[in-house]
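Student: Since the structure of chain A is provided, determine the placement of chain B on it from the hints.
Protein chains: 2
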Amino acid sequence: MHKDRRDFIQKVTAAALVGSVAPNVLADQSLAPVDIQTWRNSMKNRGEQEEEILILGAGISGLCAAYELAKQGVKYKILEARSRPGGRNETIRHGSVIEEFDRTSICDFSADRNLYFNVGPARISTQHKRVLSYCNEFSIPLEPLINDNRNTYFSFSPSHSLKSREVYASQRGLIASTLAKAIDQNLTSHLIPNNQNQHMLEMLKSFGELDDNFNFTSSTRAGVAQDSGTFTPEQGIEPTHFEELLQYIDKWKNRIHFEQSLHQQSVMLQPKGGMDKIVKGFTSRLPGNIRYNSKVLAIKRSTDGAEVTYENKHGRIKTITAEKVIVTLPLTVLQDIEHDFSNEISQEIQQAQYSSAGKIAFQSKRFWETNEQIFGGISWLDTDNAQIWYPSAKFGSDLGILVGGYIFGGPAGDRFAQLSEYQRISDAISQMSLVHPNTSDHVYAPVSRSWKNTPYSKGGWSSRPPIEAFSHCDGPYVFSGDHTTYLSGWQEGAIASAHRALELLDL
Amino acid sequence: MHKDRRDFIQKVTAAALVGSVAPNVLADQSLAPVDIQTWRNSMKNRGEQEEEILILGAGISGLCAAYELAKQGVKYKILEARSRPGGRNETIRHGSVIEEFDRTSICDFSADRNLYFNVGPARISTQHKRVLSYCNEFSIPLEPLINDNRNTYFSFSPSHSLKSREVYASQRGLIASTLAKAIDQNLTSHLIPNNQNQHMLEMLKSFGELDDNFNFTSSTRAGVAQDSGTFTPEQGIEPTHFEELLQYIDKWKNRIHFEQSLHQQSVMLQPKGGMDKIVKGFTSRLPGNIRYNSKVLAIKRSTDGAEVTYENKHGRIKTITAEKVIVTLPLTVLQDIEHDFSNEISQEIQQAQYSSAGKIAFQSKRFWETNEQIFGGISWLDTDNAQIWYPSAKFGSDLGILVGGYIFGGPAGDRFAQLSEYQRISDAISQMSLVHPNTSDHVYAPVSRSWKNTPYSKGGWSSRPPIEAFSHCDGPYVFSGDHTTYLSGWQEGAIASAHRALELLDL
Numbered sequence: 037m038h039k040d041r042r043d044f045i046q047k048v049t050a051a052a053l054v055g056s057v058a059p060n061v062l063a064d065q066s067l068a069p070v071d072i073q074t075w076r077n078s079m080k081n082r083g084e085q086e087e088e089i090l091i092l093g094a095g096i097s098g099l100c101a102a103y104e105l106a107k108q109g110v111k112y113k114i115l116e117a118r119s120r121p122g123g124r125n126e127t128i129r130h131g132s133v134i135e136e137f138d139r140t141s142i143c144d145f146s147a148d149r150n151l152y153f154n155v156g157p158a159r160i161s162t163q164h165k166r167v168l169s170y171c172n173e174f175s176i177p178l179e180p181l182i183n184d185n186r187n188t189y190f191s192f193s194p195s196h197s198l199k200s201r202e203v204y205a206s207q208r209g210l211i212a213s214t215l216a217k218a219i220d221q222n223l224t225s226h227l228i229p230n231n232q233n234q235h236m237l238e239m240l241k242s243f244g245e246l247d248d249n250f251n252f253t254s255s256t257r258a259g260v261a262q263d264s265g266t267f268t269p270e271q272g273i274e275p276t277h278f279e280e281l282l283q284y285i286d287k288w289k290n291r292i293h294f295e296q297s298l299h300q301q302s303v304m305l306q307p308k309g310g311m312d313k314i315v316k317g318f319t320s321r322l323p324g325n326i327r328y329n330s331k332v333l334a335i336k337r338s339t340d341g342a343e344v345t346y347e348n349k350h351g352r353i354k355t356i357t358a359e360k361v362i363v364t365l366p367l368t369v370l371q372d373i374e375h376d377f378s379n380e381i382s383q384e385i386q387q388a389q390y391s392s393a394g395k396i397a398f399q400s401k402r403f404w405e406t407n408e409q410i411f412g413g414i415s416w417l418d419t420d421n422a423q424i425w426y427p428s429a430k431f432g433s434d435l436g437i438l439v440g441g442y443i444f445g446g447p448a449g450d451r452f453a454q455l456s457e458y459q460r461i462s463d464a465i466s467q468m469s470l471v472h473p474n475t476s477d478h479v480y481a482p483v484s485r486s487w488k489n490t491p492y493s494k495g496g497w498s499s500r501p502p503i504e505a506f507s508h509c510d511g512p513y514v515f516s517g518d519h520t521t522y523l524s525g526w527q528e529g530a531i532a533s534a535h536r537a538l539e540l541l542d543l
Numbered sequence: 037m038h039k040d041r042r043d044f045i046q047k048v049t050a051a052a053l054v055g056s057v058a059p060n061v062l063a064d065q066s067l068a069p070v071d072i073q074t075w076r077n078s079m080k081n082r083g084e085q086e087e088e089i090l091i092l093g094a095g096i097s098g099l100c101a102a103y104e105l106a107k108q109g110v111k112y113k114i115l116e117a118r119s120r121p122g123g124r125n126e127t128i129r130h131g132s133v134i135e136e137f138d139r140t141s142i143c144d145f146s147a148d149r150n151l152y153f154n155v156g157p158a159r160i161s162t163q164h165k166r167v168l169s170y171c172n173e174f175s176i177p178l179e180p181l182i183n184d185n186r187n188t189y190f191s192f193s194p195s196h197s198l199k200s201r202e203v204y205a206s207q208r209g210l211i212a213s214t215l216a217k218a219i220d221q222n223l224t225s226h227l228i229p230n231n232q233n234q235h236m237l238e239m240l241k242s243f244g245e246l247d248d249n250f251n252f253t254s255s256t257r258a259g260v261a262q263d264s265g266t267f268t269p270e271q272g273i274e275p276t277h278f279e280e281l282l283q284y285i286d287k288w289k290n291r292i293h294f295e296q297s298l299h300q301q302s303v304m305l306q307p308k309g310g311m312d313k314i315v316k317g318f319t320s321r322l323p324g325n326i327r328y329n330s331k332v333l334a335i336k337r338s339t340d341g342a343e344v345t346y347e348n349k350h351g352r353i354k355t356i357t358a359e360k361v362i363v364t365l366p367l368t369v370l371q372d373i374e375h376d377f378s379n380e381i382s383q384e385i386q387q388a389q390y391s392s393a394g395k396i397a398f399q400s401k402r403f404w405e406t407n408e409q410i411f412g413g414i415s416w417l418d419t420d421n422a423q424i425w426y427p428s429a430k431f432g433s434d435l436g437i438l439v440g441g442y443i444f445g446g447p448a449g450d451r452f453a454q455l456s457e458y459q460r461i462s463d464a465i466s467q468m469s470l471v472h473p474n475t476s477d478h479v480y481a482p483v484s485r486s487w488k489n490t491p492y493s494k495g496g497w498s499s500r501p502p503i504e505a506f507s508h509c510d511g512p513y514v515f516s517g518d519h520t521t522y523l524s525g526w527q528e529g530a531i532a533s534a535h536r537a538l539e540l541l542d543l
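If you read the protein sequences in the order shown, they are chains A and B.
Counting the first sequence from 1 gives a position; my numbering is that position plus 36.
Counting the second sequence from 1 gives a position; my numbering is that position plus 36.
Fair warning: there could be bad hints in the mix.
One copy or any two copies: either way a pair holds, since identical chains are not told apart in the list.
As the list claims (entries may be wrong) - With a cut-off of at most 30 Å between alpha-carbon atoms, the simulated DSS-like pairs for lysine-lysine come out as follows:
1. Lys401 / Lys107
2. Lys165 / Lys401
3. Lys349 / Lys401
4. Lys241 / Lys217
5. Lys316 / Lys113
What the hints contain is simulated information worked out from the structure, not anything from laboratory work.
The shape of chain A in the complex, shown without the other chains (with noise of 0.2 Å):
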C-alpha cells in the first residue's frame, strides 16, 4: 500500500472514531481463551534432562504431547501399534489398506488428491480453539464443511422421506401458527411479557410463514410450484403438516435440532485435502521418535517408573522404561493390556462402553450435484446407515467421494462390525437408494471401516463421562486422550488432554 493512502486511512479512521459509539459487545463467555503460545510459555522450562518421556499411541493426543515435549526440550519416545500415525484421525485414498480384525481391503479411488474420505473425525467446530491454533501454526488451509443444506433429504422411514427443507419449514409452520392461534385466542396473556401479544404475533407470522389466519397452509421456504417464481410471482408449495410427523417423534427428535447446538453447526472446517493434514502437521515436527508396529502387552509399575512390553514389527518381545508414561490408548485396548494402574482407573477401563462408530464411501460422479443441487451436507436415513454426507469441496468436479453411510454406533454400528464386506456395500447402496433412487448407476469403489471392528481402535469414542481419575497422575502414569474429558470423539479433546498430561507431569 502507497504510504500516503495509509496515511489515509489512518486519518479517516481516527476521523471515524471520534464520536462514534462506545463498543458494547458482550464478551464471549462460550470461548475460553486458548492461545497455544499463552499455554506453552505458562509451561516451566525444563531445560536439560536425561529423563524420557514415554507415549503409548500416536493418535492426535500423543503427538501432541511429543510435540510440546519437544517444544520444551524433553526427550521422548512414542510407541504405536499400527504401521502409520493418527489413529482415529485417518484419511483413505487410492491405495490406503483398510485393516480390520477380520478383513484387510486397499482402497480403489482413484488416484487423485481430492478423492479422499475421512473415515475418522472429518469436521472441526469453530469452537474448538486448540484445533485451530495448530492448524493456523502449522499453515494447514482450512475451507468450510457443509453440515446443514435444505437440498438433502430427511427420512421418517423407509417409504417417507422429505426434502430437508420441507420438513424444517413446516416444523417452524406448527410450532408458530399453533402458538400465534393460542395467543390470537387470548389464551396465554399471562405468559407473554408486557403485553406484548402483537409484538409475538407479528414475529411468528415471519418466524413460520404464517397467513393472516396464523395458518401454515403454503411456503416458498419448503419449495415453490413449478414453473413459478421466474415469469409469474413465486408461489409457495403446500408442505406436510408437521403435526402428520409427531408419531415418529422418536426417530427425528434427536436429529433435526443437531445444527444448532454448539459443537455442531450449519457450517464448520476441515482441512484442505483431508483430515490427516494434521497428523502429518505434528509428524513433520518430530524428530522422527515413533516406533510405529509396536503394539503395548503390559505395562507396570517400576523403581524408577515404569517398564513397558510391546511387541515390535519383528514380532520380538521388548521393554522400555521410563520415569513418566503418557498413556493415550482407548481404553477397549487397555482391556487387553496387562496393567497395574489405580483401582479407579482399572474399574473403568473394565467398565469402559465405547461406541461402534462406522462408515462406508464410495467414488462418484457427482450426481447429486448435476442432478438434484445438493452441494454439501447431509441427508438423514431411518435406517442403520443414519447418514450420507456430500463432499462439501471441488463443486461442479467430475468425481467425489459420496459417504453412503455414517453408523454413529448402538445396535446398528454393532450390526454393522459384523457385516460381511459384500453386506456392508450391499446395504449402503439399498438405503442410499431410499433418496436417490440411482443410485447403483453411480457409486463404485467402496470403501467402509467399522472402529469397533478395527484393532487399536476397538470403538468409535468413550460413551462414558470421564471418571474424575483422569486429572491426576497415578504414580508414573497420567492419562490422556479425548475420552479423559468431555469432549470425547472430538479432536479438541484429544488435545486438551495431552496440554493436560504436560501439566501434570509437572515437568
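Tutor: For chain B alone, coordinates are given in the frame of chain A:
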C-alpha cells in the same frame, strides 16, 4: 477401476435392490427442470440468415442472449456503454478502476488473485439452476459462500450487539417456552391435533432447549460458561431473554429469518476467484462482437426494424439498424434514452424504482478468523451499512477482503450514494467498530461503489414486479434483464429473461 471390482459392485447392487423398499421420495416441486441443452434443443434452428440481432447491454442477460444466438448461428452485435462486460456482475481487484458519476478511484488491494470483491452479485442460490448450468457448461469451479454463521454478530442498536448464536437460541427459547407452558396448562388442546400434547412438549423442549419446567434459562447453543465443557461438564450460559428484544421487532423482523428463505440459504455458492468468472465464461466464447464504450442515445422504429443511435468511444454519433433489438438496459438507464416504446413500457420506465444498493470493502489481516473464529458469514448491523461479510474462502491465509458494508437501498442507500469517498470509509469503519472495536487497527485499501451513483446502472435492482408487457415483443423490441422477471436482482432472472427474449423473437 478393475473390471472385477466393477462386476462386484454390479452384483452387489443387484442383490441390494432385490427386496429394497420402493423409493418414495416426493418429486421436488420447487425445482422446475432447467437444462440448458434441453432448452436449446427446443429452439427452432434458424439456419443461415442475413438478419442480425442487436443487443443493448453486455450484462449477464445480454451476454447470455448473444451466446445462445451464436449457438444458433444467428448474427448479433452488442452495444455496451462501459469499457467492460458484465454490468452489475463486477469483481474488483488490484488496479480495478471504479467510476461513479462524481468520482473515479483505483482499487488498492494487493495483487493477489484471492483478494477480490464482488461488488455486485456475490452469491448463487442452489435453486438457481440456469446459473448453475452455465457454470457447469463453462467449467467454472464453485465453492461455498457462507450466509449464516452463528459466530457473527447481530445488532439491535448501536450499543446492543449479541453473538448471532445467542439471538437465534433465545428466539427459539422464547417461542418454545411460551407454547410449551400453554400446552402444559391445557390451554391449547383444541389446537393440537390428535392429543399429541406429549409429543409436542417433548419436541419443544428440544426445539427451544427448555428445562423440565419448560423454562429457557440456560443454553449451550448460545454459548458455554468459560472453562466448562472440557474437563468439567458443559454448562450453558444464561442467554439474553428474547422477550426483551420484542420491542425492537421492526429492527430485526426482516433479518432474523433471512436464511430460511428459498433464495437465501445458510450456505450458497460462489465461483472461485470472483463472480466475473461467469462473465468471462460468456465473453471468452463470443466471437468479439461487443462494441464497448458505446452509449445508446436513441432507439426508434424504422421500416425494417429499428434504428439505434449511439455515441462511440471516439465521441462520434453512429447509427445502427437491426430487424430486432434485445433491450437489456436497466429501466433507470432507459429514462435517459430517447425511445418510441409502447405506452405500457414507456410508463414503466418513467415509474421505475431501483434500490440504491451499495457496498464498501477493505483489505485486512484476517483478525475475524484468528481472534474471533468467524469463518465466513454475515454480521447484521443496526446502522446504514446493514451487513458485514467475512470471506468464505482461503481460511487461515494472511489477508482477506472484508465487506465492511452492504447497504441494500432505501434512505440508507440514498445517503451512501451522496457521501464522499472519505465519509463512506469513515462511516464504515465507525460502524464496523461497533462489533469489532479494533477494526481501524486492521483495515486498509478501501473501495466502495454505490450502484445508484454508477453510470449505466443507476441503481441496484428494480423494486417493482415486472409488468406483463415485458412478456411480449413490442414491434422490433424485446425486453430482457432481471428487472423483467420476478427474480429481480438475481443473475438467474437475467438468464431466464434472455432465454425468454430468444423465444419471443421466434427465430
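Student: Are the hints correct? Go through all of them and say.
Tutor: A quick look at each hint next to the structure:
{"no.": "1", "hint": "Lys401 / Lys107", "result": "between (45 Å within a copy, 27 Å between copies)"}
{"no.": "2", "hint": "Lys165 / Lys401", "result": "between (35 Å within a copy, 18 Å between copies)"}
{"no.": "3", "hint": "Lys349 / Lys401", "result": "neither (40 Å within a copy, 48 Å between copies)"}
{"no.": "4", "hint": "Lys241 / Lys217", "result": "both (11 Å within a copy, 20 Å between copies)"}
{"no.": "5", "hint": "Lys316 / Lys113", "result": "within (17 Å within a copy, 56 Å between copies)"}
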